[in-house]
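Participant: Each chain is listed here by its residues.
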Amino acid sequence: MSNVILEARALRKTYLSGDRRLEVLNDVAMTVARGESVSIRGESGSGKSTLLHLLAGLDQPDAGEVLWAGSTDTGTGRRAKFLGMVFQSFYLIPELDALENVVMAMRMVGPVGSAERDRAKAMLARVGLAERAHHVPAHLSGGERQRVAVARALINSPQLILADEPTGNLDEKTGDAVIALLLQLCAETQTALVLVTHNAAHAAKTSRSLLMHNGALNTA
Amino acid sequence: MPWYLYLALKQLFPTGKKFPFFTAISVLGVALGVALLVVSISVMGGFGHEIRRMIVDTQGDVQIRGSGLVNNPKAIMGLVAKVPGVTGVTPFAEGVVMLEYNRKPIFPGIQGIDLTHINDVIPLTRYIHNGTLGDLDDDTIILSSQLAYSIGANVGDKVQISSPLQLEKLKNDEVFLPRELTISGIFEIGHQQLDSSTVLVTLRRMQDLYGLGNAVHGFDVKIVDGLDPDVVTRRINAALPPASGLEARSWMELNQDFLFVLQLEKNLIFILLLFIVVVAAFSVTSSLLISVVRKTREIGLLGALGGSPREVALCFCFQGLLIGVSGTVCGLAFGFGFLHVRNDILHLFTKLTGSQEALERFYQFSNVPAYLQPGDLLLIIASTIVISTMAGIIPAWRAARLKPVEALRNE
Chain U
1 MSNVILEARA LRKTYLSGDR RLEVLNDVAM TVARGESVSI RGESGSGKST LLHLLAGLDQ
61 PDAGEVLWAG STDTGTGRRA KFLGMVFQSF YLIPELDALE NVVMAMRMVG PVGSAERDRA
121 KAMLARVGLA ERAHHVPAHL SGGERQRVAV ARALINSPQL ILADEPTGNL DEKTGDAVIA
181 LLLQLCAETQ TALVLVTHNA AHAAKTSRSL LMHNGALNTA
Chain A
1 MPWYLYLALK QLFPTGKKFP FFTAISVLGV ALGVALLVVS ISVMGGFGHE IRRMIVDTQG
61 DVQIRGSGLV NNPKAIMGLV AKVPGVTGVT PFAEGVVMLE YNRKPIFPGI QGIDLTHIND
121 VIPLTRYIHN GTLGDLDDDT IILSSQLAYS IGANVGDKVQ ISSPLQLEKL KNDEVFLPRE
181 LTISGIFEIG HQQLDSSTVL VTLRRMQDLY GLGNAVHGFD VKIVDGLDPD VVTRRINAAL
241 PPASGLEARS WMELNQDFLF VLQLEKNLIF ILLLFIVVVA AFSVTSSLLI SVVRKTREIG
301 LLGALGGSPR EVALCFCFQG LLIGVSGTVC GLAFGFGFLH VRNDILHLFT KLTGSQEALE
361 RFYQFSNVPA YLQPGDLLLI IASTIVISTM AGIIPAWRAA RLKPVEALRN E
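If you read the sequences in order, they're chains U and A.
Read left to right, the first sequence gives residues 1 to 220 (my numbering).
Read left to right, the second sequence gives residues 1 to 411 (my numbering).
Hints may contain errors.
[To be verified] Some, not all, of what chain U presents toward chain A, calculated at C-beta under 8 Å:
no., residue
1, M30
2, T31
3, H53
4, A56
5, D59
6, D62
7, G64
8, E65
9, A80
10, Y91
11, I93
12, E100
13, M104
14, R107
15, M108
[As the list claims (entries may be wrong)] In silico lysine-lysine, DSS-like type, Cα no more than 30 Å apart, as pairs:
no., chain 1, residue 1, chain 2, residue 2
16, U, K205, U, K173
17, A, K171, A, K158
18, A, K74, A, K10
19, A, K10, A, K403
20, A, K158, A, K104
21, U, K121, A, K10
22, U, K81, U, K121
23, U, K81, A, K403
24, U, K81, A, K10
In short, the hints are calculated from the structure, not lab data.
Built from N, CA and C at the ideal position, the CB exists for glycine as well.
Construct the entire structure; sequences and hints are all you get.
Facilitator: Take a look at the structure:
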């Protein structure tokens, strides 16, 4: 069995902006192995988020392909089990409390019973939010919300976590804590991590750093 | 529970929110429509039910008539009485007479009834308010209430009755004097036409007035409660001698035009009031569309978590369905609650406006009848839930069309 969890082959993506054709990704290739953490840095508009969306199967490349554990199936049916995502703006569901937000990810893959709820509570405890499990997002701080998002991303034991500037809306100290938590949990569970960040210090904590520039991906 | 159903529930009734305002407004709109439908259709149904009961009470379930006179009524009655499902048969003779009281002539319809059998078929006793049926004999007459009121006659007064037979006799230079009858009772059925222009005499007196001998014009038949009158009618027709020229017709067949108008009125009311539910459904659509716009990023997130466009669409369709179900339940509670106190409200209104007497005289009732057929109730529930669910389709379609990547970029 291959150790490669994520593989991107010759990805190209262009957008139309009025009459102009913007080439956002140009022949991008990368692989991520099981348990590996990879950071992608680059200036704004360099194509980091576009690449992440292609890797997540949320968008289709104009050319090239994305493989999850050797398979080109990146559809919704497989996404919930294979992939966890963490966003800059947390994207918690405001009508649900912290525990229900985590459980929601579990509902995507199957029925939820008391065992699943206990697992979600344990995951919240793992990210330090045991006492805040029944608080709605509006009553949580930014750091707490992002920790709920991390718990939600990891709850289905995915093989890959894609994190899109997860500290972008957090202060430095809280951001450091969230990144440390994310890296630690991924390492414990042998989950591959692709971290898009502007922060060089956060990138340095990953096992490999890549740099995105003008739609091309290079080793930092 | 699938995630989309769970989320639909949570979006309508969010955790930690005591009063979900948008949901309450949407549910209230549907509930008011349902309540109005229940009340209106029940009252319309109540009037229809009363009218149907009145028809059966005055004509029986089945009526047998021929093209001319029936000269052997006893033989026919014997045949009809043996038909399975028949519980009573009574002969009748009918026509028009001139009734004179205090030199005031009127021309009511007259019914000759067989006192021996009438109670087996028609519960006349129930409708005689002044006097009793037992007081009716060959020298007495029972008047309908509005007729008696219009000529100012009362029980014990004497009236003169002239029949078309007088004209026949005059042609042959014979004299046929008007009959003087004493008013022995006054009845009120609750039907404007019957109550304003009908008089009742014994069958013998009617046969005398019309020179019928022993003949009658037809028979009213009562059948076992719950049996289909059309089925028994077919059995009676099969039992009647073909040469008699008699034909049995059920009360529904005899009054089919009237019943059609009643049903048409009810259907029109239903369709008109259903528009209230449709308007409420537009409000649900509007709320859900606003919700889709407000929750664009969450919809993108659901895609990122692994939700398919079909499941996202179902989430919003379920919200329409849940609003429809909640609105229907509340509307039924409001509607039946209002029906429960309808007579108290009517009495309060008539007391305040002093219109109690006018209401009773014009409508012949002091209470508002209400009768909701199970079929009508099911139709109200089903149509409301279907319309409300359809209200979620446009928002659901819009939500399903959102691409996760574009929705997530919607900062």
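Participant: It remains to establish, for every hint, whether it holds in the given structure.
Facilitator: Status of the hints after comparison with the structure:
Here the hint on M30(U) is broken, as its CB sits about 19 Å from the closest CB of chain A, past 8 Å. Hint status for T31(U): violated, given a least beta-carbon distance of 22 Å to chain A, over 8 Å. Because the smallest distance between the Cβ of H53(U) and any Cβ of chain A comes to about 5 Å, under 8 Å, the interface hint for this residue holds. With 8 Å as the threshold, the beta carbon of A56(U) comes within range of chain A, its nearest partner Cβ sitting at about 7 Å, so the hint holds.
At a threshold of 8 Å, the smallest CB-CB gap from D59(U) to chain A is about 4 Å, leaving the interface hint in force. For D62(U), the interface hint is violated, since its Cβ never comes within 8 Å of a Cβ in chain A; the closest pair sits about 14 Å apart. The beta carbon of G64(U) is not positioned within 8 Å of any beta carbon in chain A (closest approach about 16 Å), and the interface hint is therefore violated. For E65(U), the shortest C-beta to C-beta distance to chain A is roughly 17 Å, which exceeds 8 Å, and the interface hint is violated.
Annotation: A80(U) was flagged as interfacial toward chain A, and the flag holds, the nearest CB pair being 3 Å apart, inside 8 Å. For Y91(U), the interface hint holds, since its Cβ comes within 8 Å of a Cβ in chain A; the closest pair sits about 4 Å apart. For I93(U), the suggested interface contact is upheld, since its CB lies about 6 Å from the closest CB of chain A, less than 8 Å. Against a cut-off of 8 Å between C-beta atoms, the interface hint on E100(U) holds, since the closest Cβ of chain A lies about 7 Å away.
Taken as an interface hint, M104(U) checks out: its beta carbon lies about 6 Å from the nearest beta carbon of chain A, inside 8 Å. Given hint, R107(U) at the interface with chain A, holds; its Cβ is 4 Å from that chain's nearest Cβ, closer than 8 Å. Interface hint at M108(U): satisfied, since its Cβ lies 4 Å from the closest Cβ of chain A, which is below the 8 Å cut-off. For the hint pairing K205(U) with K173(U), the CA-to-CA distance comes to about 15 Å; that is within 30 Å, so the pair holds.
Only pairs whose Cα atoms come within 30 Å are accepted, and K171(A) paired with K158(A) is accepted, the gap being roughly 28 Å. Among the hinted pairs, K74(A) with K10(A) is inconsistent with the structure: their alpha-carbon atoms are about 75 Å apart, more than 30 Å. For the proposed pair K10(A) and K403(A), the alpha carbon gap of about 23 Å is at most 30 Å, so the pair holds. Our distance criterion of 30 Å between C-alpha atoms is met by K158(A) and K104(A), whose separation comes to about 12 Å.
A distance of roughly 19 Å separates the Cα atoms of K121(U) and K10(A); the hinted pair therefore holds under the 30 Å criterion. A hinted pair counts as satisfied when its Cα atoms are at most 30 Å apart, and K81(U) with K121(U) qualifies at roughly 19 Å. Simply put, K81(U) and K403(A) have alpha-carbon atoms about 20 Å apart, close enough for the 30 Å limit, and the pair holds. Using a Cα cut-off of 30 Å, the hinted pair K81(U) and K10(A) holds, with the two alpha carbons roughly 23 Å apart.
In the structure shown, a violation is registered for the earlier hints numbered 1, 2, 6, 7, 8 and 18, in ascending order.
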